[in-house]
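Q: Under this note's numbering, the very last position in the sequence shown is 332; numbers go up by exactly one each time.
Don't read these hints as lab results, they were simulated from the structure. Some hints could be false.
[Said to hold, decoys possible] For lysine-lysine, the following BS3-like pairs were computed, each having C-alpha atoms within a straight-line distance of at most 25 Å:
1) Lys-206 x Lys-319
2) Lys-206 x Lys-124
3) Lys-269 x Lys-182
4) Lys-273 x Lys-327
5) Lys-273 x Lys-124
6) Lys-319 x Lys-182
7) Lys-147 x Lys-70
8) Lys-296 x Lys-327
9) Lys-222 x Lys-314
10) Lys-329 x Lys-269
11) Lys-206 x Lys-273
12) Lys-182 x Lys-147
13) Lys-206 x Lys-127
14) Lys-296 x Lys-329
15) Lys-127 x Lys-81
[To be verified] So the derived label-pair ranges between C-beta atoms look like this:
16) Leu-246 x Gly-114: 31 to 41 Å
17) Tyr-156 x Asn-195: 14 to 24 Å
18) Gly-316 x Asn-130: 20 to 30 Å
For each residue, glycine too, the CB sits at the ideal point set by N, CA and C.
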Amino acid sequence: MVQGQKLNNAGFPGHSHSVVSGLSLENNFWNERIQNVTGIKGYYYVIEAENDGEKRIQQLINDYADHKDFGYSENLRVKILDQVAVIDQFAVKGGYQHSLRFPTREEIFGDGMYVQCAPNLKPEKSDNFTAGTELDLRQIPLLLKLHLEFNWFYMLMDDRIFWNNYAAIPRPYYNSVGTKTTGFEIDAAVDINEYISLSYNLTKQDAESRETDLAFGIAKGLTVPNIPTLYMNFGAEFHIGDLLFRDDFFKLYWLANYTDEYYYSWKVSNKQDRTIPSSFSQDLGVEYSILANKLSWNFEVRNFMDELVFDKYGESKPGRAFATKIKFTL
């Protein structure tokens with residue numbers, strides 16, 4: 003427990019420490035056709051700050067100095083078909099999870115300019131429900147392998163953390179109304195042959211308030227701001243092994259990301275004109291590894307078309323960027 007500490011309103015100096023530990027148990031039955039995974043997690047975090055001798059300080063409330071809680075999950079997967087003709091497998095699955103999200107350092111301590119400190123912030127708590135199907139096909143005409151996956155999700159969140167992005171003066175993050183999020187996700191992966199593969203992912207979601215908070219002008223049923231409702235990812239890859247040496251691997255890949263426009267603030271009308279524009283960016287990369295992937299080198303050009311891409315609150319992301327990485331695994 004942190005007691006008697008003071009928090010610098012500008013955000014510095016301050017510290018937050020978090021620990022998340024978990025334990026899971028996996029059971030397989032009926033020749034691994036049925037899989038059950040049960041898990042539990044322990045969450046703990048504490049915040050503290052030092053008095054720097056200035057007047058811009060705020061007393062840290064003892065009740066919110068630290069948080070302890072537990073999360074748990076249950077997931078079940080049943081394989082309906084297994085190696086029948088061109089069907090490698092067909093499975094259905096479902097799950098439930100109770101989880102927490104700790105406030106970030108910026109949400110608690112602020113940034114010293116636009117965001118005030120908020121030591122009273124509580125973790126977001128959510129109950130998540132999922133259901134889906136998986137289908138794997140093999141040796142079908144013109145394709146080596148095909149993987150299709152569909153997932154539906156439903157999430158109830160309490161103490162959701164928001165920020166008043168319209169304020170002209172620095173404002174803190176705050177816990178407000180609970181929200182409800184529903185949506186689905188589609189995944190597809192294709193191996194055209196042993197050298198070329200393609201991938202595609204689409205996510206559609208709708209998040210809305212399920213309560214009213216008159217203090218912040220939030221009504222029930224409003225669309226939550228700064229959350230994309232539709233986004234997609236595409237990918238293409240050429241790869242080959244044993245190119246120059248035994249157990250080496252070469253990969254050339256292209257990745258693309260599309261995000262549809264979404265609302266900057268709470269959606270109260272379809273006529274709102276302040277939105278975060280849609281964006282489309284592409285990445286190119288090359289990777290080469292030797293010694294059975296123990297030593298690898300990667301070079302990537304991100305957003306190589308130098309498109310204007312936006313993040314939440316309308317902040318622009320970096321333009322064209324170059325990155326390289328060398329990795330060695332013992």
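Q: Straight-line Cα separation of Lys-147 and Lys-70 no greater than 25 Å?
A: 46 Å, violated
Q: Take a quick look at whether Lys-182 and Lys-147 sit within 25 Å of each other, Cα to Cα.
A: With Cα atoms ~37 Å apart, Lys-182 and Lys-147 exceed 25 Å; violated.
Q: So if I understand the rule, the pair passes when the alpha-carbon distance is 25 Å or less; does Lys-206 with Lys-319 pass?
A: Judged against 25 Å, a Cα distance of about 22 Å means the pair holds.
Q: Given the hint that Lys-222 pairs with Lys-314, test it: the Cα-Cα distance must not exceed 25 Å.
A: 22 Å, holds
Q: Can the restraint linking Lys-296 and Lys-329 be considered satisfied, given a maximum Cα separation of 25 Å?
A: 8 Å, holds
Q: Below or equal to 25 Å on CA atoms is what counts here, so check Lys-127 against Lys-81.
A: With a Cα-Cα distance of about 32 Å, the restraint between Lys-127 and Lys-81 is violated, given a limit of 25 Å.
Q: So if I understand the rule, the pair passes when the alpha-carbon distance is 25 Å or less; does Lys-206 with Lys-124 pass?
A: Given pair Lys-206, Lys-124 is violated - Cα atoms ~28 Å apart, limit 25 Å.
Q: Within a Cα-Cα threshold of 25 Å, do Lys-269 and Lys-182 meet the stated pairing?
A: 15 Å, holds
Q: If you draw a straight line from the CA of Lys-319 to the CA of Lys-182, is it 25 Å or shorter?
A: Violated, because 28 Å separates the two Cα atoms, which is more than 25 Å.
Q: I want to verify a distance hint. Is the separation of the beta carbons of Gly-316 and Asn-130 within 20 to 30 Å?
A: 28 Å, holds
Q: Are Lys-206 and Lys-127 close enough, with their CA atoms no more than 25 Å apart?
A: This hinted pair holds, its Cα atoms lying about 22 Å apart.
Q: Mind checking the alpha carbons of Lys-273 and Lys-327 for me, to see if they're no more than 25 Å apart?
A: 46 Å, violated
Violated hints for the displayed structure, listed by number in ascending order: 2, 4, 5, 6, 7, 10, 12, 15, 16, 17.
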